[in-house]
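Participant: Below are the chains, spelled out letter by letter.
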Amino acid sequence: MASLPAPAPAPAPASADAGSIAGLAERLRKAVGVGRVLTDHAQLRTYECDGLTNFRVTPAVVVLAESRQHVIDTVRLCAKAGVPFVARGSGTGLSGGALPVAEGVLLVLSRMRALRPVDPDNARVVVEPGVINLWVTRDASPHDLAYAPDPSSQLVCSIGGNVAENAGGAHCLKYGFTVNHVLGAEVVLPDGSVVHLGGTAPEHPGYDLLGAFIGSEGTLGVATSLTLRLVRVPEAVQTMLVGFHSVEDAGGTVSDIIAAGIVPAAIEMMDALAIEAAEAAVHCGYPAGAVAVLVIELDGPQVEVDAQFAQVERIALARSAFETRIAQDAAERALMWKGRKSAFAAVGRISPAYFVQDGVIPRTQLPQVLSEIGRMADAAGLRVANVFHAGDGNLHPLVLFDDAVEGQAHDAEELAGAILDLCISSGGSITGEHGVGAEKRTKMAVQFTPEDLDTMQLVRCAFDPDGIANPGKIFPTPRLCGERPGPRTGEHPVQAAGLGEVF
Amino acid sequence: MTAAVLDRRLGTADDAVAGVVPTEVVRPSGAQEVAEVLRQAQRDGRTALAAGGRTKTGWAPPPSSADVLIDTTGLDRLVEHTAGDLVVVAEAGLRLAALQQRLGAAGQWLALDPPEQGATLGGVVSANASGPRRLRYGTVRDLLIGITVVLADGTVAAAGGKVVKNVAGYDLGKLYTGAHGSLGVVVSTTWRLHPLPAARRVVVLDLADPLDAGPLAVRMARSTLTPSAVELHATTGGSGALVMVFEAILESVRAQADAAVALLGGGHQGDNLPDQFGKRPGGDGDLVLRLAFAPAALPAVLAALPEGTAVTASACTGVAYAALPAEHAAALPALRTALAPHDGTAVVLSAPPALRDRLDHWGPVGDALGLMRRVKDRFDPDGRLAPGRFVGGM
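Quick note, the sequences are listed as chains A and C, same order. FYI, in numbering that gives the first Met the number 0 the residues of the first sequence are 0 to 502. FYI, in numbering that gives the first Met the number 0 the residues of the second sequence are 0 to 393.
In short, the hints are calculated from the structure, not lab data. Just so it is clear, the structure is predicted and the values come from calculations on it, not from any experiment. Just so you know, even glycine gets a beta-carbon here, dropped at the ideal spot from N, CA and C. You may find that some hints are simply not true.
[To be verified] Computed, partial: chain C to chain A, Cβ under 10 Å:
hint, residue
1, Gly-83
2, Ala-157
3, Lys-164
4, Pro-294
5, Leu-338
6, Val-346
7, Ser-349
8, Leu-370
9, Arg-377
Please take these sequences and the hints and turn them into a complete structure.
Facilitator: As structure tokens, this is what we get:
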């Protein structure tokens, strides 16, 4: 992928000069063990980016934590030295949420991989943050239980990272997101103190700080243990793949299914370019000549799935579906999903380089937004492959470009940004599941008013008054917590002009 | 900004919040008026608290001061309902029942069913009220996708948005949920909706011993059945009934009700909900508690309650409401101790006035109390919002 300029570095605390970093590394070695602290430049470079590879920063120190005590010791020493730290799981994030800070510590949690035994009667399991998403369902399945959030990267991504980003996945239309499935967390706050948020019970007196922590992208602390809620594996699962000659028909089918009162487990959509890429990469056998395909999955009691499945088939036919395939067994279902889940990587087969975008629109805006994206791509002279979680309006446009062509990376980046502006003006959001991270923080000022952002900063300042936990992420302008914005009067000018979103 | 003359009057005994009569009552008609009221309160150093339908004012301890009561029922507009998106935006003073009526016309509903009649959306959020269908649909935290609040200094701030899937910025809706107005006044809410189910079937299983509900609820939870609610009605030391509600398409609810009878070894089927379904137990003279605990601990929780306690439990979720005769109020600390091994807590929802002021309303909060104070201090540095009503005396 193309190399683009990294974002402006976060302001490092005044005390974080090279000398104090060297001293900190020494203290870290004493606390967590020599072999777990890296300062060799070649070793550090392994960690210079996460899944968003066009942003790279080499951290000053890497700590490979193997226990909660290592995390506590590391955070305490960082706090004492006033040195920022960034937590990292598997490093699969797509918004640069785990992008290191140059004069800071990267706290790697991928060695903390213990799962406690599943508690089947309470449908709970307690795991460490480095545990891989799919391992949870692996351990739960002997009890006919599963962990519902299933990001496409679930073979490699970690629960700690899922919590930081409030990860979704294909099935969150019906089952919700990470925040709906994490009930408790042990968190090391940025001053090194430890708190327990939530627990095994469904609610607790006091603020829902767990709800605020999940999705805070590592800016409020580091989770060392997580209590997950498991769901019963449904009696029946049925998956169908439907081919259409137009994107409008596919989009209309999605709307009609929702209007019929059906809540599918998943409805995924891919357009012609995404289908071409998936075919080239994994030979998933999608219907030839399809301009759009839907992967629709229903689950639940057998009689309900059977009845609604027939209804969905009728709806698709009424929208001129030209081919409908029904997975006869788990292997066929897996193949249908393989095309979808491998779509991002597959685009590499049809383009030298690409940007993955993540935006959300109200589902009813889908046809207009897709034609507008097409128009914008034509105007830019670029191709955009569309893959999305159609049921909840979560678009993943893949902007294709050739990094060997002068200026094309820049044009592609501009187009990817313009698509986000389109999402916002359509009443949506700049991110549905990848997070804001380092990549989209300037767009936060478009989606939210200064008052909204200042209010979010109040939470940040309560958890991390010194601003050392993952600084430079989410917020467009770093703010010191001592500052308090003065009382404001009247409407924000953007709202007053009728341009802003009030709600 | 020049607003129309604000609706204000002196507080009366009818306005009392947990027994405390506010000095003044204002009834703003929009978010900007709420902001003006709070800015003025800040200038004057006065305390403020909000109330909507006033159905749950006893769910938090009495305020230590109540200069201005903000009556939110003037903010009662349904701002936007896009049926195809299954999303609604509504002001906080709109009553839940009125919203449900409007949504029902489109075959949809907001999947929250707290029993308090006349409750507003803002009150449901601030008190985190839920009902029996939380088993299927979750609670406020699972359905609220956007929120606008006015902070103590009059700042109007939004978080979330109008799309269900959205991870941009901190999810402040979670923070205001169950905060009892201690962080700001909720003025608008945005929700994800669900389609109204086409059919219902109810199975009622009488229990000679309520403790049997525990293993039966676990058996139900571990089955592939998808009830909307599994509710236990019982009196400790007496008998009880387990009510299972199936709501889906007709073929499904019939098949599931039959399967439930087979799974549990009995039960009567019908189409109607029992009268007491979803209601909180107890009356004016009782100490009514909300208990939350690890779901499988239901038998241990029932066993820890004094004999003669009326209980309504969302049996598969780990939430129960218990009405203790007032003479058993002294048992509250021991009950909390007994719940603790099950991650259990007991919060007071209502108590006779003589008892109310002497009770530890919230019980132990755990090691995050200091962090909660830091959050409160950032949002309301002068402690002027609903003072004394939240955990730790905040």
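Participant: Give a verdict on every hint.
Facilitator: Going down the list of hints, with the structure as the test:
Because the beta carbon of Gly-83 of chain C sits about 4 Å from the nearest beta carbon in chain A, less than 10 Å, this interface hint is met. With its C-beta approaching chain A no nearer than about 5 Å, Ala-157 of chain C sits inside the 10 Å limit, and its interface hint holds. Interface restraint check: Lys-164 of chain C against chain A, minimum CB-CB distance 4 Å, threshold 10 Å, status holds. Satisfaction of the interface hint for Pro-294 of chain C is found here, the shortest Cβ-Cβ separation to chain A being roughly 5 Å, below the 10 Å cut-off.
Among the interface hints, the one on Leu-338 of chain C holds; its C-beta lies about 9 Å from the nearest C-beta in chain A, closer than the 10 Å criterion. Annotation: interface hint on Val-346 of chain C holds; nearest CB of chain A at approximately 5 Å, less than 10 Å. Because the closest C-beta pair between Ser-349 of chain C and chain A is about 16 Å apart, greater than 10 Å, the hint is violated. Interface hint at Leu-370 of chain C: satisfied, since its Cβ lies 6 Å from the closest Cβ of chain A, which is below the 10 Å cut-off.
Proximity of Arg-377 of chain C to chain A holds as hinted, the smallest CB-CB distance being about 4 Å (cut-off 10 Å).
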